[in-house]
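Sequence lines, in order, name chains A and B. Each residue of the first sequence is one higher than the one before, starting from 1 at the first, in this note's numbering. Each residue of the second sequence is one higher than the one before, starting from 1001 at the first, in this note's numbering.
If you are wondering where the hints come from, they were derived from the structure by calculation, not from laboratory data. Glycine included, every Cβ here is placed at the ideal spot set by N, Cα and C. Hints should not be assumed to be uniformly reliable.
[What the hints assert, rightly or not] With a straight-line Cα cutoff of 25 Å, these simulated SDA-like cross-link-like pairs (lysine to any residue) come out:
| id | chain 1 | residue 1 | chain 2 | residue 2 |
| --- | --- | --- | --- | --- |
| 1 | A | K157 | B | F1016 |
| 2 | A | K157 | B | C1072 |
| 3 | B | K1120 | A | S93 |
| 4 | A | K157 | B | L1121 |
| 5 | B | K1071 | B | R1116 |
| 6 | A | K157 | A | S93 |
| 7 | B | K1120 | B | S1092 |
| 8 | A | K157 | B | A1076 |
| 9 | A | K157 | B | V1100 |
| 10 | A | K157 | B | E1030 |
| 11 | A | K157 | B | S1092 |
| 12 | A | K157 | B | M1012 |
| 13 | A | K157 | B | A1013 |
| 14 | B | K1052 | B | C1072 |
| 15 | A | K157 | B | D1095 |
| 16 | B | K1052 | B | F1016 |
| 17 | B | K1071 | B | S1092 |
| 18 | B | K1120 | B | L1139 |
| 19 | B | K1071 | B | V1100 |
[To be verified] Label pairs and their in silico Cβ distance ranges:
| id | chain 1 | residue 1 | chain 2 | residue 2 | range |
| --- | --- | --- | --- | --- | --- |
| 20 | A | M98 | B | R1033 | 45 to 51 Å |
| 21 | B | K1052 | A | A49 | 38 to 44 Å |
| 22 | A | Y12 | B | L1104 | 55 to 61 Å |
| 23 | B | N1118 | A | L45 | 29 to 35 Å |
| 24 | B | T1009 | A | V116 | 17 to 23 Å |
| 25 | A | A112 | B | R1033 | 50 to 56 Å |
| 26 | B | H1103 | A | M98 | 23 to 29 Å |
| 27 | A | A161 | B | N1083 | 45 to 51 Å |
| 28 | A | R57 | B | Y1079 | 27 to 33 Å |
| 29 | B | T1142 | A | H196 | 35 to 41 Å |
Each chain, written out:
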Amino acid sequence: MDQVTLSGVLSYVGIVFEAGLLVVLLRRRLAVNLWEVSVYLLTALGVGAARSYALERYGFASSQYSNCYWTTDLLLVLAAFVLVVSFFRRACSENPEMWRYIGFLLGTVLVAIAGVSYFSLSIHKGGFLSLFIVEFSQNLYFASLVLTTLLYLMTLKMAVADERLGLLVSGLGIEFAGPAAGLALTYLTRGAEVAHVVGVYFFPLCDVGMILTWFYAISRVPSPATVPRRKVMAGHALAEGSVPHV
Amino acid sequence: MFLAALILTLSMAMLFFYLQTICLRILRREFDRDYSLPIVNANRLEFPAVRKAVEEFNAPIDYARFCMMLKCDFLALSYLLRNAANENRRLSLQDRLLIVYFHLTYFALRVRHLLRLNEKLPILRLTSILHFFGNVIGLRVTATRFRDISASDYLLTL
Chain A
1 MDQVTLSGVL SYVGIVFEAG LLVVLLRRRL AVNLWEVSVY LLTALGVGAA RSYALERYGF
61 ASSQYSNCYW TTDLLLVLAA FVLVVSFFRR ACSENPEMWR YIGFLLGTVL VAIAGVSYFS
121 LSIHKGGFLS LFIVEFSQNL YFASLVLTTL LYLMTLKMAV ADERLGLLVS GLGIEFAGPA
181 AGLALTYLTR GAEVAHVVGV YFFPLCDVGM ILTWFYAISR VPSPATVPRR KVMAGHALAE
241 GSVPHV
Chain B
1001 MFLAALILTL SMAMLFFYLQ TICLRILRRE FDRDYSLPIV NANRLEFPAV RKAVEEFNAP
1061 IDYARFCMML KCDFLALSYL LRNAANENRR LSLQDRLLIV YFHLTYFALR VRHLLRLNEK
1121 LPILRLTSIL HFFGNVIGLR VTATRFRDIS ASDYLLTL
């Protein structure tokens, strides 16, 4: 199986999982409660459809497919940023003062990333827009990864009881960490073969990893309102203690 | 260039951090009672003794012996995971992930032993994984009804 076919298979697996998770959300009547996850999944499905269409019509090596890929990638990372923001809001549900401060901070981060990406590429003349999109995506991926980590640490510090939120955030961390590393590698190797291979295998695998984590979080972890009183810990107190507390 | 290298390094570190976090969160799954006890007794598993020795008695770690005990328990439990009261004879995705996590933690234990670092944390994590497997098997066995059928009847249904 060549790289292009395998990439297609992995992407289709991701799309099937995303559609499946959306169905699970709808059937369990969680689509409204977890609206941010539903919106992200719908965006991801739309992006998948657009990429498949471009692939079928123009081919893998065409510039049209490349443009479509990077433009939809930007759309996806923006949707993911919105997801991070809404998770922050969920984590701050009992502390509106903190949410006001964090909301302002997140808006500033988005503007700052756009500014830094523009500034760092202002010396380039040709293909500015495409380079800007790649640079902006990479920076936003990394910023979202840092924000996700901050969010994770915040849920630990504030002892947020929502175990499902913790797993959703962890899944999102995988989705951000993998592509951020892949994009940085692409930038460092100037699009060499290794970076191409990473793009083919790694990005879809991270996507599948996130969706599977979300599947677990939604299907196996009860919502905070229905959590029964704790009796026995499966992994003993150790597992609890070994989750890094900062 | 420096920024890209930094992003690459940190992103990879965070990727592993999140994978470990997911495994630890799965291990924190709550059971309404300790289902692992009958499995431990029936199969003479030794991981509770290892945990007790490390956790409560603060005894010096007998590395070779503990490794052998944990590895044997892992082999027994992973076999039971696949075959005990499991009609499909297939591991779930959760079990596969935790098996990989067991191997990685075991590797970390060996590295720590070579570097003469503290070995308690990986040993306790390994016992946690085994305890979780015990609970999963115990829960599955409890949920399966064996009373109405004989052993041969059960085998014929497989």
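Going down the list of hints, with the structure as the test:
1. Of the pairs offered as hints, the one joining K157 of chain A and F1016 of chain B holds, with about 21 Å between alpha carbons and a cut-off of 25 Å not exceeded.
2. The straight-line distance between the Cα atoms of K157 of chain A and C1072 of chain B is roughly 38 Å, outside the 25 Å bound, and the hint therefore fails.
3. Restraint check: the Cα-Cα separation between K1120 of chain B and S93 of chain A comes to about 38 Å, which exceeds 25 Å; the hinted pair is violated.
4. Restraint check for K157 of chain A and L1121 of chain B: the C-alpha separation of about 22 Å stays at or below 25 Å, so the hint holds.
5. Of the supplied pair hints, the one linking K1071 of chain B and R1116 of chain B holds, its CA atoms being roughly 21 Å apart against a limit of 25 Å.
6. Straight-line distance between C-alpha atoms of K157 of chain A and S93 of chain A comes to about 15 Å, which keeps the hinted pair within the 25 Å bound.
7. Our distance criterion of 25 Å between C-alpha atoms is broken by K1120 of chain B and S1092 of chain B, whose separation comes to about 29 Å.
8. Between the alpha carbons of K157 of chain A and A1076 of chain B the distance comes to roughly 38 Å, so the proposed pair goes past 25 Å and is violated.
9. With a C-alpha separation of about 29 Å, the suggested pairing of K157 of chain A with V1100 of chain B is violated against the 25 Å cut-off.
10. A threshold of 25 Å between alpha carbons decides the hint, and for K157 of chain A with E1030 of chain B the separation of about 21 Å falls inside it, so the pair holds.
11. A distance of roughly 32 Å separates the Cα atoms of K157 of chain A and S1092 of chain B; the hinted pair therefore is violated under the 25 Å criterion.
12. For the proposed pair K157 of chain A and M1012 of chain B, the alpha carbon gap of about 24 Å is at most 25 Å, so the pair holds.
13. Distance check on the hinted pair: K157 of chain A and A1013 of chain B sit about 21 Å apart at the alpha-carbon level, within 25 Å; holds.
14. Our distance criterion of 25 Å between C-alpha atoms is met by K1052 of chain B and C1072 of chain B, whose separation comes to about 17 Å.
15. The straight-line distance between the Cα atoms of K157 of chain A and D1095 of chain B is roughly 29 Å, outside the 25 Å bound, and the hint therefore fails.
16. For the proposed pair K1052 of chain B and F1016 of chain B, the alpha carbon gap of about 29 Å is over 25 Å, so the pair is violated.
17. At most 25 Å may separate the alpha-carbon atoms for a hinted pair to count; K1071 of chain B and S1092 of chain B meet this at roughly 21 Å.
18. About 28 Å separates the Cα atoms of K1120 of chain B and L1139 of chain B, which puts this hinted pair outside 25 Å; it is violated.
19. Straight-line distance between C-alpha atoms of K1071 of chain B and V1100 of chain B comes to about 13 Å, which keeps the hinted pair within the 25 Å bound.
20. Restraint check, M98 of chain A to R1033 of chain B: a C-beta distance of roughly 39 Å breaks the suggested window 45 to 51 Å.
21. At about 56 Å, the CB distance of K1052 of chain B to A49 of chain A disagrees with the hint of 38 to 44 Å.
22. For the pair Y12 of chain A and L1104 of chain B, the supplied restraint of 55 to 61 Å is violated, since their beta-carbon distance comes to about 29 Å.
23. One distance hint, 29 to 35 Å for the beta-carbon pair N1118 of chain B and L45 of chain A, is violated here, with the actual separation near 47 Å.
24. The given range of 17 to 23 Å is respected by T1009 of chain B and V116 of chain A, whose C-beta atoms sit roughly 19 Å from each other.
25. Distance hint for A112 of chain A and R1033 of chain B: a CB-CB separation of about 52 Å, consistent with the stated range 50 to 56 Å.
26. Range check, H1103 of chain B to M98 of chain A: Cβ separation about 41 Å, and the 23 to 29 Å hint is violated.
27. Between A161 of chain A and N1083 of chain B the beta carbons are some 37 Å apart, a value that contradicts the proposed interval 45 to 51 Å.
28. R57 of chain A and Y1079 of chain B have their C-beta atoms about 51 Å apart, which leaves the hinted 27 to 33 Å range violated.
29. Between T1142 of chain B and H196 of chain A the C-beta distance comes to about 51 Å, which lies outside the given range of 35 to 41 Å.
Taken one by one, the earlier hints fail for this structure at numbers 2, 3, 7, 8, 9, 11, 15, 16, 18, 20, 21, 22, 23, 26, 27, 28, 29, listed in ascending order.
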